[in-house]
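Asks: Each chain, letter by letter, is given below.
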Amino acid sequence: MNISPEVQFDLHRRMVRIRLFEEAAGRLAEAAKLPGFLHLYVGEEAVAAGVCAALNDDDHITSTHRGHGHLVAKGGDLNRMMAELMGKSTGYCKGKGGSMHISDLSLGMLGANGIVGAGSPIAVGAAFANRYRKKGQVAVAFFGDGATNIGAFHEAANMACALHLPIVFACENNEYGEFTPRDQTMAITDIVDRAAGYGMPGVIVDGMDAIAVHEATLEAVERARAGGGPSLIEAKTYRFYNHHGVQNLGLKYRSDDEVARWKERDPIFTLEDRMIENKVATRQQFDDIWADWRAAIDRAIQFAEESPLPTPDQVLVDVYTTGGAR
Amino acid sequence: MSTVGIIVNPNAGKDIRRLVTPATHTSDVTKVGIVRRAIVAATESGAERILLAPDRHRLAERAADGLDAPIQIVDEPITGSRYDTIAAARRFWKEQVGAIVALGGDGTSRDVALGWPDSPLVAVSTGTNNVFPSAIDGTSAGAAAGFVATGAVALDEVGRRSKRILVRIDDADSSVDDVALVDLAFVDTDFIGARAVRDPHTVSRVVAAIATPTSTGLSSIAGRLHPVDRHAPGGVLVEMGAGERSIRVPLAPGSFTTMSIADVRSLADGEEIVFTGRTILAFDGERDRTVGDDGRVAIRIDSGGPILIDVDRTLQLAAERRLFDPPTKTSDHGDVHGH
Amino acid sequence: MSEERKLAYVMAFNEAVSQAMEADPDVFCAGEDIGAFGGVFGTFGGLQAKFGTDRVVDTPISEQAIVGLGVGAAATGLRPIVDLMFMDFICVAMDQIVNQAAKLKYMFGGEATLPLTITTAGGGGLSAAAQHSQSLEAILCHIPGLKVVYPSTPYDMKGLMMACIQEDNPTVMVKHKRLLGMSGHVPVEPYSIPLGTANVVRPGRDVTIVAYGRMVHESVAAAEKLAADGIECEIIDPRTLQPLDTDTIVASARRTNRVLVVHEAVRFGGLGAEIAAQIQEAAFDHLDAPVGRIGAPFSPVPFSPALEQHYIPSSAAIEAGVREAMFRNKVGA
Numbered sequence: 010m011n012i013s014p015e016v017q018f019d020l021h022r023r024m025v026r027i028r029l030f031e032e033a034a035g036r037l038a039e040a041a042k043l044p045g046f047l048h049l050y051v052g053e054e055a056v057a058a059g060v061c062a063a064l065n066d067d068d069h070i071t072s073t074h075r076g077h078g079h080l081v082a083k084g085g086d087l088n089r090m091m092a093e094l095m096g097k098s099t100g101y102c103k104g105k106g107g108s109m110h111i112s113d114l115s116l117g118m119l120g121a122n123g124i125v126g127a128g129s130p131i132a133v134g135a136a137f138a139n140r141y142r143k144k145g146q147v148a149v150a151f152f153g154d155g156a157t158n159i160g161a162f163h164e165a166a167n168m169a170c171a172l173h174l175p176i177v178f179a180c181e182n183n184e185y186g187e188f189t190p191r192d193q194t195m196a197i198t199d200i201v202d203r204a205a206g207y208g209m210p211g212v213i214v215d216g217m218d219a220i221a222v223h224e225a226t227l228e229a230v231e232r233a234r235a236g237g238g239p240s241l242i243e244a245k246t247y248r249f250y251n252h253h254g255v256q257n258l259g260l261k262y263r264s265d266d267e268v269a270r271w272k273e274r275d276p277i278f279t280l281e282d283r284m285i286e287n288k289v290a291t292r293q294q295f296d297d298i299w300a301d302w303r304a305a306i307d308r309a310i311q312f313a314e315e316s317p318l319p320t321p322d323q324v325l326v327d328v329y330t331t332g333g334a335r
Numbered sequence: 002m003s004t005v006g007i008i009v010n011p012n013a014g015k016d017i018r019r020l021v022t023p024a025t026h027t028s029d030v031t032k033v034g035i036v037r038r039a040i041v042a043a044t045e046s047g048a049e050r051i052l053l054a055p056d057r058h059r060l061a062e063r064a065a066d067g068l069d070a071p072i073q074i075v076d077e078p079i080t081g082s083r084y085d086t087i088a089a090a091r092r093f094w095k096e097q098v099g100a101i102v103a104l105g106g107d108g109t110s111r112d113v114a115l116g117w118p119d120s121p122l123v124a125v126s127t128g129t130n131n132v133f134p135s136a137i138d139g140t141s142a143g144a145a146a147g148f149v150a151t152g153a154v155a156l157d158e159v160g161r162r163s164k165r166i167l168v169r170i171d172d173a174d175s176s177v178d179d180v181a182l183v184d185l186a187f188v189d190t191d192f193i194g195a196r197a198v199r200d201p202h203t204v205s206r207v208v209a210a211i212a213t214p215t216s217t218g219l220s221s222i223a224g225r226l227h228p229v230d231r232h233a234p235g236g237v238l239v240e241m242g243a244g245e246r247s248i249r250v251p252l253a254p255g256s257f258t259t260m261s262i263a264d265v266r267s268l269a270d271g272e273e274i275v276f277t278g279r280t281i282l283a284f285d286g287e288r289d290r291t292v293g294d295d296g297r298v299a300i301r302i303d304s305g306g307p308i309l310i311d312v313d314r315t316l317q318l319a320a321e322r323r324l325f326d327p328p329t330k331t332s333d334h335g336d337v338h339g340h
Numbered sequence: 186m187s188e189e190r191k192l193a194y195v196m197a198f199n200e201a202v203s204q205a206m207e208a209d210p211d212v213f214c215a216g217e218d219i220g221a222f223g224g225v226f227g228t229f230g231g232l233q234a235k236f237g238t239d240r241v242v243d244t245p246i247s248e249q250a251i252v253g254l255g256v257g258a259a260a261t262g263l264r265p266i267v268d269l270m271f272m273d274f275i276c277v278a279m280d281q282i283v284n285q286a287a288k289l290k291y292m293f294g295g296e297a298t299l300p301l302t303i304t305t306a307g308g309g310g311l312s313a314a315a316q317h318s319q320s321l322e323a324i325l326c327h328i329p330g331l332k333v334v335y336p337s338t339p340y341d342m343k344g345l346m347m348a349c350i351q352e353d354n355p356t357v358m359v360k361h362k363r364l365l366g367m368s369g370h371v372p373v374e375p376y377s378i379p380l381g382t383a384n385v386v387r388p389g390r391d392v393t394i395v396a397y398g399r400m401v402h403e404s405v406a407a408a409e410k411l412a413a414d415g416i417e418c419e420i421i422d423p424r425t426l427q428p429l430d431t432d433t434i435v436a437s438a439r440r441t442n443r444v445l446v447v448h449e450a451v452r453f454g455g456l457g458a459e460i461a462a463q464i465q466e467a468a469f470d471h472l473d474a475p476v477g478r479i480g481a482p483f484s485p486v487p488f489s490p491a492l493e494q495h496y497i498p499s500s501a502a503i504e505a506g507v508r509e510a511m512f513r514n515k516v517g518a
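Residue numbers (the numbering used here), protein chains in the order written: chain Z, 10 to 335; chain A, 2 to 340; chain Y, 186 to 518.
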């Protein structure tokens, strides 16, 4: 398959949106303008963009604690996202979820998730419902390398295969479970080595290359839609910032060299270089794209800042759809 | 000192071709097992030193763990890329290794050939397309490598030079030499991307040095049109496009597609062919190098590839020479299990 | 004629599921052994034959994934019934129940609707020991976002199960294992009992007994003995434990002025503590005695019948509890 220029630009724009949103969020957090925890997706943009660009709006994804990128890539509204991060009533979750629960069911984004590994069983449920309705929808479960050490992932992977569901397990292997290197927490190196144990194919792609991720996802999604069952894609990637927050806070769990080496393979800049080399795009076009989305992010921040905080009476709203305790 | 070198490519056998084809997945555990068997067997065959190439997955360490064998993991920087294989092969040349056991697919053998063009090689298939390497158990591979390394079976008796496809890419800024062992394809895509060549419509030209009807991958196109044995000199050039012929080929293992063929012709040993213009070159099945508009690609097939060791023949000679008998009748060799 | 029809508790469950599945194609069931085998207690018997393998799904022994299957399918528009074979196994699925199912709606600002029913079998009395006999309902009632239902009769079972399936919130339906074979009046036609409505099982003027599940029947037996001595017990079965019909309980307490709460779960931190607290908050001035609580001792459920029959509250214990509330023996002694 050759990835068309339109799709190349689409991948690029999705990544730029993520990068700018996350860096803005990071700056706001540093300025103490965002409450709570913040897990930034910077560095891993190629995975969310490459996967989500292969999906339709009515396909489902489940996400992780590092979930902003997935929602942005699925088409999330930046204003409502930024407002949610600030805990405002105009946010996606009306200020009740925040960074770790950001979601948009209308886009099939079934929520970031504060519990590592918990998204995969939910994706299995979405995949089950999709097959049940027979409309050709698929589900994608995003998760990290660390999540493959938790029981929920294994149960989900096994059940998806046992029931032969239309699902893609998309592993963002960023080599660290919070602050602990992957090789201290598992005796294997490639998450795909687990796939055969459930009876599904697993493939490795360069998670710093949106084109590679996209190519792999197109095949995995096509396979799932055609009734071919689950598959696992392991994208080797890296988070440029910390487990949470922006600064390293003197935490020396990763060497500066290592971080620098990965940054050299920045997924956005490498795609830009290649597109320019291929004469598909010009530097000016990219400059314009960055400027446009910078302006959109500024508007999102302004929208969020000007939005009202939720009123205290909202605490008891939406605990139940109907009824419930007092 | 008789030395066997072992290289295991941790990245082999895991790319995207597994999504839509039944290509084999070779897990790290499987690879470690093969290496372990090769170490034990090479030691059993008398190798005095086993050098292991380091790798990012620490497969070599895991394979060596707890074995009573003269193992040494060579000290080379690890990049996690194909350059680890290339560097290891070069290091083995410097260390005067008598035989290399390399685990991987066609791409891994290519990297060994880049690092050490004359390498005495037992190529064990753990890759996706395995035209060059063979499905040999680690035990047999290690035993054969051990006998060749000690000289108990001479390399001349059981080794044969393989062919290679020499590629020189020139453009305004640079000049690069590269090698393929099985096939070189011109692919009309904009990106190296997920590397594997999946879409038959993007393939415009294939040069094959080994092309048998039993080949899978790009060389299967030539293999089913104009077979060329791995030992016959020269190769084949196939141009895709509208022509009078089309052919069904397994472009990936267990996956068939129809290719339209514009032209097929033999390439003589040493004959140079040149192409110009923008393309992406796939070496032994993987998109690897981009060529710009001003690029020039010169291709030539010669017989300067690795010296491939015939494992069956080696072990047969070993049997004839009673090399499997214990050294003396009274020697008390215990069982070696390697688990 | 349906007035006459009698049905076992287990079949009342089965009939509710069957009728709900007939009425709504979005309803499906998933769980361990529920398909061809019909469930280890026969609760899903015959449903797969009737509705097919797509709608009655045998799952791996994977409680987290079973509940996750329900959460994901509910959030994307289906109306799942997922079965956890024994109530003890909710502990395996606790993340999906507590952190996902219960909270998704709230965390997503109300955007998610989870019409999910989790069915399970609770209670002791089968010498099934400490991991297959527990009554863990208090843990579930403590979680905002969940509803918890615990029917004591075949009639309530059908009506409550129907309500659970139709409910747009995650609901846990607890079947008592010792009640499965209990027969009782169950109308053939579909009906539902609104969640959060208690049932006055037996009217009485002297003391209120709040009991649910199998303890309702132990309480009725105790009440009949006490009636012979002229003590008239009013028995209230909340039926839904979350939300709890506090109004009915408090109204009764204000009338009888004495209350005994009975459950099979251990006393400490049990639902009885919550009910007692609510009664004293709402009816303190009406009480003639402390609100009594009958529950299991604070130990795991023992295996040997000799121990278990002592462990599970009996009608004798309830009778003694009522007499204590009536005469305040300890206080007056």
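These are computed hints drawn from the structure, not numbers from a lab. All of these numbers come straight from a predicted model, not from anything done at the bench. Some hints could be false.
[Said to hold, decoys possible] Simulated pairs of lysine-lysine, BS3-like, Cα-Cα distance not exceeding 27 Å:
hint, chain 1, residue 1, chain 2, residue 2
1, Z, Lys261, Z, Lys272
2, Z, Lys288, Z, Lys272
3, Z, Lys143, Y, Lys410
4, Y, Lys191, Y, Lys235
5, Y, Lys235, Z, Lys144
6, Z, Lys261, Z, Lys42
[What the hints assert, rightly or not] Here are some of the chain A residues that sit facing chain Z, going by a computed Cβ distance under 10 Å:
hint, residue
7, His26
8, Asp189
9, Thr213
C-beta atoms are modelled at their ideal positions from N, C-alpha and C, and glycine is treated no differently.
Asks: Check the hint pairing Y:Lys235 with Z:Lys144 against an upper bound of 27 Å on the C-alpha distance.
Replies: 24 Å, holds
Asks: A closest beta-carbon separation below 10 Å is what the hint needs, so does A:Thr213 meet it against chain Z?
Replies: 27 Å, violated
Asks: Taken at face value, is the distance from the CA of Z:Lys272 to the CA of Z:Lys261 at most 27 Å?
Replies: 17 Å, holds
Asks: For the pair we were handed, Y:Lys191 and Y:Lys235, check the Cα-Cα distance against 27 Å.
Replies: Given pair Y:Lys191, Y:Lys235 holds - Cα atoms ~22 Å apart, limit 27 Å.
Asks: Does A:His26 hold up as a contact with chain Z if the rule is Cβ-Cβ below 10 Å?
Replies: Where the cut-off is 10 Å and the nearest Cβ of chain Z is about 5 Å from A:His26, the hint holds.
Asks: For Z:Lys261 and Z:Lys42, compute the direct alpha-carbon distance and say whether it is at most 27 Å.
Replies: Holds. Z:Lys261 to Z:Lys42 sits at ~26 Å (cutoff 27 Å).
Asks: Answer holds if the nearest beta-carbon of chain Z is closer than 10 Å to that of A:Asp189; otherwise answer violated.
Replies: 7 Å, holds
Asks: Within 27 Å, alpha carbon to alpha carbon, are Z:Lys143 and Y:Lys410?
Replies: At roughly 59 Å apart (the allowed maximum being 27 Å), Y:Lys410 and Z:Lys143 break the hint.
Asks: Assess, step by step, whether the Cα of Z:Lys288 is no farther than 27 Å from the Cα of Z:Lys272, and give holds or violated.
Replies: 24 Å, holds
In summary, the structure is inconsistent with hints 3 and 9 from the numbered list given earlier, while agreeing with the others.
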